[in-house]
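Visitor: Chains as they are written, first to last, in our numbering: chain X, 201 to 329; chain H, 201 to 329; chain R, 201 to 329; chain C, 201 to 329.
Zero decoy hints are in this set.
Treat identical chains as interchangeable: a pair holds within one or across any two.
With a straight-line Cα cutoff of 27 Å, these simulated BS3-like cross-link-like pairs (lysine-lysine) come out: (1) Lys317 x Lys294; (2) Lys294 x Lys315; (3) Lys326 x Lys315; (4) Lys326 x Lys203; (5) Lys317 x Lys203.
What the hints contain is simulated information worked out from the structure, not anything from laboratory work.
For clarity, every value in this text was computed on a predicted model and none was experimentally measured.
Take a look at the letters that make up each chain.
4 protein chains.
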Amino acid sequence: MIKTYAVRVFYEDTDFSGHVYHANYLKYCERARSDYLRVVGIDQNAMFAQGLAFVVRRMDCEFLRPARFEDELTVETRLLEMGGARFELAQAVKRGEEPIFSASVTVAIIDAQGKPKRIPHEFAQKFQR
Amino acid sequence: MIKTYAVRVFYEDTDFSGHVYHANYLKYCERARSDYLRVVGIDQNAMFAQGLAFVVRRMDCEFLRPARFEDELTVETRLLEMGGARFELAQAVKRGEEPIFSASVTVAIIDAQGKPKRIPHEFAQKFQR
Amino acid sequence: MIKTYAVRVFYEDTDFSGHVYHANYLKYCERARSDYLRVVGIDQNAMFAQGLAFVVRRMDCEFLRPARFEDELTVETRLLEMGGARFELAQAVKRGEEPIFSASVTVAIIDAQGKPKRIPHEFAQKFQR
Amino acid sequence: MIKTYAVRVFYEDTDFSGHVYHANYLKYCERARSDYLRVVGIDQNAMFAQGLAFVVRRMDCEFLRPARFEDELTVETRLLEMGGARFELAQAVKRGEEPIFSASVTVAIIDAQGKPKRIPHEFAQKFQR
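Next comes chain X alone, as it looks inside the complex (with noise of 0.2 Å):
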């Protein structure tokens, strides 16, 4: 299943090159990310009041083509697997068609200590609805 989730692109996102800053590709596939989380039922809230948190572990970034300003984007979101205490995902940041910015990104949940949890067997069960 892919998600979708959609961007506009403000001042606050570019840069003086005129094109969108690189770091900020990582603002809108954690946007992405926490709109999926919402979106199937997980309170990431109510997880952190639990001492729990989603962290990201690693994020293999493709900068693949500039956006600009006022630019319509939308980030594709897929879960490929869910084991253990890891999450893989794919993410693409599109204009239409057209290829901006993909990553492969590994999330994993910790506790307050840091130390990686198991993935709650509720989560996998929202995802698969």
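Starting from the known structure of chain X, arrange chains H, R and C on it as the hints suggest.
Guide: Chains H, R and C alone, transformed into the frame defined by chain X:
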């Protein structure tokens, strides 16, 4: 007393207009305030562990001239008044003698419930040294 | 007329205090202004190609209450006055009816040399429609 | 040769988890690269005036440990290879000897049309000095 803090303009600070994005002057001012606190011996992590935090209540900002990539700027911070639960500060961002940005800032101390707290007596002493 | 714009709070917007970082309310307000311009039919990319740009001259900000991760906020923008080379706006960020942030904002139009320019007559018409 | 660049963690860098927001390590690395260029005598403003710009093509990122407010970090940048139109760099963010973040980075030079350009011969000389 005027406390100065140096800032260099990087890609992340600019937008597609070629200038520093306006909200980033507030970041520069906050870096200068945190640096000021650190220098006078106020440890914000220790405060936070006790449930206390500084918050900006009001900030009146004038954007006077544009700054650009690789500019070397100075943030000047002057403590105008400290009383009850509030600090009043004047902050200015300059490029050499050229004024770029100026603000009058009101900062308060709050507890973990967001209630205003009196400024600890020792803080006043630290600023007067 | 009040124009509203919806914002959701993501990780990137918060700081370690658990609240939205103060400077980010200025970003929310800028997104709302850019959206307003787009909706009334003012194309900032086209303006920029002609050497014209909007700049914020003054912004008086009140930080009223903290916002938090996943809050759904609304930015309300009211055009108070448009005359000569300046717009005066009132902007407010709210969570439901609760006021979070408010600002009075002065925006000017400048040319590529940074000189103030009169607001084009057609802009006034676009806002009045 | 390893070039080092010092970074202090401010409010703006953290998120509500209490740690540095993951995308901000890319900002730290970019500051370190811009500083490196400046130190070896490459003027990015002059390049930009000639229609040339550096762009990040690829960045493989590992997020190893969390950094926190007021941490003093060091960004280490090593130029691994420079050939044709690409630089390969290894960058690491450390707190003392503790590794926090590491990345392998590919940077290219493009012209105003976004076409890749050969790295000017003088740049190679500047890095070898």
